[in-house]
Amino acid sequence: MSPSALVGLAVALPLAGAGLVLALGKWPNLREAATLATGIALFASVVSLLGPVRAGLRPTLTLMEVVPGLSLGFQAEPLGLLFALVASFLWVVTSLYSIGYMRGHHEEHQTRFYTFFAISIASAMGVAFSANLFTLFAFYEALTLCTFPLVTHHGTEKARRAGRIYLGILLTTSVAFQLLAIIWTWQLAGTLDFRPGGILAGTASKGVLSVLLVLFVFGVGKAAVMPFHRWLPAAMVAPTPVSALLHAVAVVKAGVFTILKVAVYVFGLDLMGTLAATPWMAWVAATTIILASLVAFTKDNLKARLAYSTISQLSYIVLGAMLANRWGIIGGGMHIAMHAFGKITLFFGAGAVLVAAHETEISRMHGLGRTMPITFGAFFIGALSIVGVPPAGGAWSKWFLGLGTLEAGQIWLLAVLMLSSLLTLVYLLEVPARAFFGMPPEGEVRPEGIHEAPWPSVLALVITAVVTLVLFVHPGPVFDLVSLVVPR
Amino acid sequence: MKILGLYNYWIVIGLMMIGFYTMISRGNLVKKLVGLSVFQTSVMILYISMGKILGGTAPILIEGRENVVYTNPIPSVLILTAIVVGVATLAVGLALVVRIKEAYGTIEEDEIHEQDDVM
Amino acid sequence: MDDRVILRVGAKILIPFILLFALYVQFHGDFGPGGGFQAGVIFAAGFILYALVFGLGAAKAVLPPIVAHTCAAIGVMVYAGTGVVTLLLGGNFLDYNVLAHNAEHGQEWGIFSVETGVLITVFGVMVAIFYAFAGRRRSEP
Amino acid sequence: MSPHLPVLQVVVPLLAAPVAALVRRPRLSWLVAFLAALWAFGSAVTLLHHVLSVGPISYHIGDWAPPWGIEYRVDQVNAFVLVIVSGIAAVVLPYARASVEWEIENERIPLFYTALILCMTGLLGITVTGDVFNVFVFLEISSLSAYALIAMGQDRRALTAAYQYLIMGSVGATFIVIGIGLMYVMTGTLNMADLAQRLPAMEANRTIPVAFAFLTVGISLKLALFPLHLWLPNAYAYAPSTVTAFIASTATKVAVYMLLRFIFTVFGVAFSFDVMNLDRILTPLALAAIVFMSLSAIYQPNVKRLLAYSSVAQIGYMVLGISLASVLGVAAGILHLFNHALIKGALFMAMGCVMYRVGSVRIEAMAGLGRTMPFTMAAFVVGGLSLIGVPLTVGFISKLYLVRAALEQGMWPVAVLVLVGSLLAVIYVWKVVEVAYFRQPIGDGSIREAPLSLLIPTWVLVLANIWFGIDAKLTAGVAIRAAQALLGVGS
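These protein sequences, in sequence, are chains A, B, C and D.
All residue numbers for the first sequence refer to this note's numbering, where the first residue is 1 and numbers rise by one.
All residue numbers for the second sequence refer to this note's numbering, where the first residue is 1001 and numbers rise by one.
All residue numbers for the third sequence refer to this note's numbering, where the first residue is 2001 and numbers rise by one.
All residue numbers for the fourth sequence refer to this note's numbering, where the first residue is 3001 and numbers rise by one.
By construction, these hints were calculated from the structure, which means they are not laboratory data.
Just so you know, these numbers come straight off a predicted model, no measurement behind them.
Keep in mind that a hint or two might mislead.
Incomplete in silico selection of chain D near chain C, CB under 8 Å [said to hold, decoys possible]: (1) Leu3005; (2) Val3007; (3) Leu3014; (4) Pro3026; (5) Val3054; (6) Gly3055; (7) Ile3057; (8) Ala3065; (9) Asp3274; (10) Val3275; (11) Gln3484; (12) Gly3488.
Quick reminder that beta carbons are idealized off the backbone N, C-alpha and C, glycines included.
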């Protein structure tokens, strides 16, 4: 099969999977098999794109010219491929995990859940492989809309309110800022195609381009740059697999991925470096990093704490883009992968605790580590990766981001990174520390019979934890792929 | 003199304002329709007066007589159409008023609004 | 109303003349002032006078409402049909020249045919409007 | 292509109307109306194709050459509008059969179809004619039949709504007649092309600006430009479902076409915008319509009324595009004219399905319909997304062009307000969606999915929303060419 057809297949496969899931709704086992099979097929087709892209090819597939000069088209380039690889691999793992979680937790409307899950992945693939800003925006909005039923899965008043915040912030920012920026770009550059070196250079004054950059950064609400971050904690009412894959990987990474892509292929790093707004936006990201870490301290609910941790970590990638140099982009790009594996492990852990011990608050997790050692062991590894210390993959991305700040001459930003790592260390490691060494308060007896979560869930979180470790030892493939984005 | 010489326009404007004011100020649905009719009539006079030429006659060709001044027939023909339209509008309007009376028991605008607000 | 002899007799004398005058206005319409609309209104007026004097029931017996409605519809068809006939004869829409052997007669026939359509429609519509209003009874005192 | 097509476009439906009244059998009169609509659609598509490939057509009624005779003139602009009007009619009529049988007494059904076809005839006539007085005549044909159609609604408020529409519509029409009369006084001609040639010489005369003012206000009343929109919400809310779907997607659109015709073709862009400064009035009013009417829509408890307010806001988008007076702006206006017809047609038809099964279109009545009437509500959701302007729907294409047109002239606050309008649309659409999908169904569970005869036409429009949102080359291309023709540049 030709590489360009594979690109189309990557978007079409999950959609077909969604149809299959819907059709097989009456037979849960077949339905889950369909999800897994689609996931594996998707991952295989994305992996087979790796060869051509590394060889320098950019397989392109133009579906339709919507209006003259504006087409719906896909293109595989290194950054998108990395995002697609991560998302499709983790979809397989998450599907495995969901089987244990959804059944163990006796969730309702499972068919609807799996169907929209597959559609969301299709949208994420569309974002990853978009050949121009229009296609990216279309799939970006599709991703928002088809995750809405997942966020409001439980249908309770709380879920509905969360859904309103979710949709409200994501649609408002994307329509009011991002769409405006996209149309403005079209007006200025006459095209919306992603091109190496950017399309905006020399089209307007520096002031206008600075405004455009600000519109893009705040317009990509999915990147959760403060003050547009409230939707992410709100989305935590969803079932844990959704929080794990979508709100730690697919959706949020689609956001920061958009920012990276805009920085590299729309503005171009040379242009970015000359704009007055760039350092300002870097500081906005830095502020988000610190503030979100501080807020994370105050959260006792494990998923809420993880959500604020995600907000903080996403801004690392935004910061990387705003450094506007090679190391910043490489660090940011690698962080997409590293953070994905680390954070999804943490969410899997949180979900496993919920299913097995019905606990959501950190203060009540004392001693659980002794009954659920595998879960909390994996959690520990994930936490190390997020903090950015060896032997976990996160160390590499933080290293390159640090190099980026030095190259940009922003020593204070490096200090922010250090401080944030310290904060992360404290608020994340508190969880396994309590679980392994904490003692229950006087007079409280934990019910008997708590043991590890169902085996598919445990298997899933072991896989992601192992991959996190492997990424420390072999960061090479990720690094090679990302460095193709910014040739020396 | 110039202002008085345009008396046909003054009639038009006067009728137009009378009709318009009636439409706005009256709450009775039939009176509103009367206002609408007066309003439309003013336009008919506007059309007819602009086609009229002093001393002009009906535009009928008579053999053997030439250099006859004719009144422009087109505005009259146009306004005939407008009259038909006016009649039709009035008929539809009155039919509506009859049915409103049957449904509400009144043709006073404020009383109708009161009944609707209760619902 | 049965005792108003003067009205009844007067109406009986007037109505034929009204109808006749309507026809005069109609048939003279293509030469002088007049035409289908005026004729239709006058014709309907004569009929409405009959209904006013002799009662709605009597009028409806002479001309059932359905006939009035049909008239309204047929008139439109006569009008538009004339246009279609001119199309079929190879002219433009409402190009009367093609209706007869020469242009003058064609114009005359064309105008006459169209005016007849107008007469029938206007008559039908006027009577239908009259029936619609006169036929209603007060629903509550 | 028959050379008589421009006139047959109007005459065939005109002949069909009395036939529909004469047959007196509901089914038969429906069939007549449907065939007339199909004919109109077919001929409109043929005309559009001809105009795009060959050029404008001029047809002389009675073979009297213009400016003496009445001319029917089809160019890129009105051929497109013809397709919209007749296309919507052709989709609405299959839908009408079941809906009308349920909403209207049997003996009045033939009259209903007669009025519907007459209304379409009038709208087609306004569009196709090149004679200004003819515009008025057809306007009244369509308006009078529209009053009658609206009055056939089940709720007694339909009567007052129709009455209100009649009064305001007649005032608007009379204003238009005054404007036409004043132009005739000055130029002695009623032919649009002839007027366009003669008017520039008389611009200094005070009568022409007065005529311009009367025409603009009269047309604005007809197209429900804020704040002259008061007749619209009630008329849309209480009319029979079919009528709402038809009128909402055609009547105001044709009025917008009239506005285009008069300010660009007859008076010319230089007079309208440089001498009369029309943009200084239209732009603020259009923006006010977008913001205030979208806000009003949020507080409506009746979904049809909510959509009606949204229509007023959407008309603001079209007028805004026109008021920019650039090729891109006018094209955006024309494009939205088409797109909004598809959007509102689909939404009102979905509401008609709800009316058919539930008997009410208040928001509370939507509770649980996501489960009991999944296809109807899915149609509503897609239509709503299109109204919001989500990519890959027609609504997005309109906003894309409109925002671009505003940015092209450096009017970025306008661009921002257009997008704010979309966000307000999110709120009022989502209000309905939440009730439909998250509330438990009320009643005894007897509510079923609407019959296929209603669903299929609805979904035809919904799919058109997506189709023309993904492949907008045709519509956008035609709109650009139409705008160029109106502004007299390029092409």
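Right, here's what the structure says about each hint:
1. Residue-level restraint check for D:Leu3005 is violated (minimum Cβ-Cβ distance to chain C is 11 Å; threshold 8 Å).
2. Evaluation of the D:Val3007 hint against chain C yields a held restraint, the C-beta minimum of about 4 Å falling below 8 Å.
3. Because the closest C-beta pair between D:Leu3014 and chain C is about 5 Å apart, less than 8 Å, the hint holds.
4. This hint is violated: D:Pro3026 has a C-beta 16 Å from the nearest C-beta of chain C, more than the 8 Å allowed.
5. About 19 Å separates the beta-carbon of D:Val3054 from the nearest beta-carbon of chain C, more than 8 Å, and the hint is not met.
6. A cut of 8 Å between beta carbons decides the hint on D:Gly3055: the least distance to chain C is about 19 Å, and the hint is violated.
7. Because the closest C-beta pair between D:Ile3057 and chain C is about 13 Å apart, greater than 8 Å, the hint is violated.
8. With 8 Å as the threshold, the beta carbon of D:Ala3065 stays out of range of chain C, its nearest partner Cβ sitting at about 11 Å, so the hint is violated.
9. Proximity of D:Asp3274 to chain C is violated relative to the hint, the smallest CB-CB distance being about 39 Å (cut-off 8 Å).
10. The criterion of a C-beta within 8 Å of any C-beta in chain C is not met by D:Val3275, whose closest approach is roughly 38 Å, and the hint is violated.
11. A cut of 8 Å between beta carbons decides the hint on D:Gln3484: the least distance to chain C is about 30 Å, and the hint is violated.
12. Interface restraint check: D:Gly3488 against chain C, minimum CB-CB distance 28 Å, threshold 8 Å, status violated.
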